[in-house]
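Visitor: Here is how the chains run, residue by residue.
2 protein chains.
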Amino acid sequence: MWKATIKVMLKKSVLDPQGQAVQKALHALGYQNVPDVRIGKYLEVKVALADRESAAAQVREMCERLLANMVIEDYTFELTEA
Amino acid sequence: MWKATIKVMLKKSVLDPQGQAVQKALHALGYQNVPDVRIGKYLEVKVALADRESAAAQVREMCERLLANMVIEDYTFELTEA
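Residue numbers (our numbering), protein chains in the order written: chain A, 1 to 82; chain B, 1 to 82.
The following block holds chain A by itself, in its conformation from the complex (with noise of 0.2 Å):
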């Protein structure tokens, strides 16, 4: 069994309206000093695969299938023996 530990970011050059949000909710709190915010998505999915490059296969499959618009967002992941 595999935990893996996903995070699933918009690409660098698609604008980030819920980072900007978050960003200028910052400021109105009083915290001048963060000049950027970007926000994503982060999953953790256990895999019932014995081998490491099985589930990292599936993993990236299960990602470019389902979890992730290849489109506008890029993912990276960690597995984890659980």
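Some hints here could point you the wrong way.
[As the list claims (entries may be wrong)] With the Cβ distance kept under 7 Å, some of the chain A side facing chain B (calculated, not the full set):
| id | residue |
| --- | --- |
| 1 | A25 |
| 2 | N33 |
| 3 | V34 |
| 4 | V37 |
| 5 | I39 |
| 6 | E44 |
| 7 | V45 |
| 8 | A48 |
[To be verified] What follows is a set of in silico ranges between Cβ atoms, one per label pair, in the way DEER data are often shown:
| id | chain 1 | residue 1 | chain 2 | residue 2 | range |
| --- | --- | --- | --- | --- | --- |
| 9 | B | M70 | A | L49 | 17 to 23 Å |
| 10 | A | H27 | B | A50 | 15 to 21 Å |
| 11 | A | E53 | B | A50 | 41 to 47 Å |
| 12 | B | K3 | A | R52 | 25 to 31 Å |
| 13 | A | S13 | B | V14 | 32 to 38 Å |
| 14 | A | D74 | B | S54 | 18 to 24 Å |
| 15 | A | K3 | B | V71 | 24 to 30 Å |
| 16 | B | D74 | A | A25 | 19 to 25 Å |
| 17 | A | N33 | B | A21 | 34 to 40 Å |
| 18 | A | N33 | B | I72 | 36 to 42 Å |
| 19 | A | Q18 | B | P35 | 28 to 34 Å |
| 20 | B | L66 | A | A82 | 27 to 33 Å |
| 21 | B | Q18 | A | L15 | 19 to 25 Å |
Bear in mind the hints are in silico, worked out from the structure with no lab data behind them.
Bear in mind the structure is a predicted one, so any value in this text is a computation, not a measurement.
Every residue gets a Cβ at the ideal spot worked out from N, C-alpha and C, and that includes glycine.
With chain A's structure known, arrange chain B on it following the hints.
Guide: This is chain B only, laid out in the frame that chain A set:
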């Protein structure tokens, strides 16, 4: 300047309907070997401060005031020089 990478997750005891929905979708796509999915937020926040302690203190404060709902969520963060 520091870059804080922040993960905000629902507490273990709180139901995660978004995670359950994604798990069902993965099952429907044929990934039956996924017993658990949890979904949270991932934030990259830049903070213009010189020393690490002040940056960490400010990130903690921002998380507790705005970025996480401490009633139902937990957060962790890491700082890297940016």
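Visitor: Taking the hints in turn, state whether each one holds.
Guide: Each hint tested on the structure:
Annotation: interface hint on A:A25 holds; nearest CB of chain B at approximately 6 Å, less than 7 Å. With 7 Å as the threshold, the beta carbon of A:N33 comes within range of chain B, its nearest partner Cβ sitting at about 4 Å, so the hint holds. Interface hint at A:V34: satisfied, since its Cβ lies 6 Å from the closest Cβ of chain B, which is below the 7 Å cut-off. A distance limit of 7 Å between C-beta atoms decides the matter here; for A:V37 the minimum to chain B is near 5 Å, and the interface restraint holds.
About 5 Å separates the beta-carbon of A:I39 from the nearest beta-carbon of chain B, less than 7 Å, and the hint is met. The criterion of a C-beta within 7 Å of any C-beta in chain B is met by A:E44, whose closest approach is roughly 5 Å, and the hint holds. A cut of 7 Å between beta carbons decides the hint on A:V45: the least distance to chain B is about 5 Å, and the hint holds. For A:A48, the interface hint holds, the least distance from its beta-carbon to any beta-carbon of chain B being 4 Å, beneath 7 Å.
Distance hint check: the CB atoms of B:M70 and A:L49 are about 36 Å apart, inconsistent with the given range 17 to 23 Å. Roughly 20 Å separates the CB atoms of A:H27 and B:A50, a value that falls within the hinted 15 to 21 Å. A C-beta distance of roughly 44 Å is found between A:E53 and B:A50, which places it inside the suggested range of 41 to 47 Å. Our hint of 25 to 31 Å for B:K3 and A:R52 holds, since their Cβ atoms are close to 29 Å apart.
Evaluation of the 32 to 38 Å hint for A:S13 and B:V14 yields a pass: the beta carbon distance comes to about 35 Å. A C-beta distance of roughly 31 Å is found between A:D74 and B:S54, which places it outside the suggested range of 18 to 24 Å. At roughly 26 Å, the beta carbons of A:K3 and B:V71 sit within the given window of 24 to 30 Å. In this structure, B:D74 and A:A25 meet the distance hint of 19 to 25 Å, their C-beta atoms being roughly 20 Å apart.
Judged by the Cβ atoms, the range 34 to 40 Å given for A:N33 and B:A21 holds: they are separated by roughly 38 Å. In this structure, A:N33 and B:I72 break the distance hint of 36 to 42 Å, their C-beta atoms being roughly 28 Å apart. Roughly 30 Å separates the CB atoms of A:Q18 and B:P35, a value that falls within the hinted 28 to 34 Å. Checked against the hint of 27 to 33 Å, the C-beta distance between B:L66 and A:A82 comes to roughly 32 Å, which is consistent with it.
For the pair B:Q18 and A:L15, the supplied restraint of 19 to 25 Å holds, since their beta-carbon distance comes to about 23 Å.
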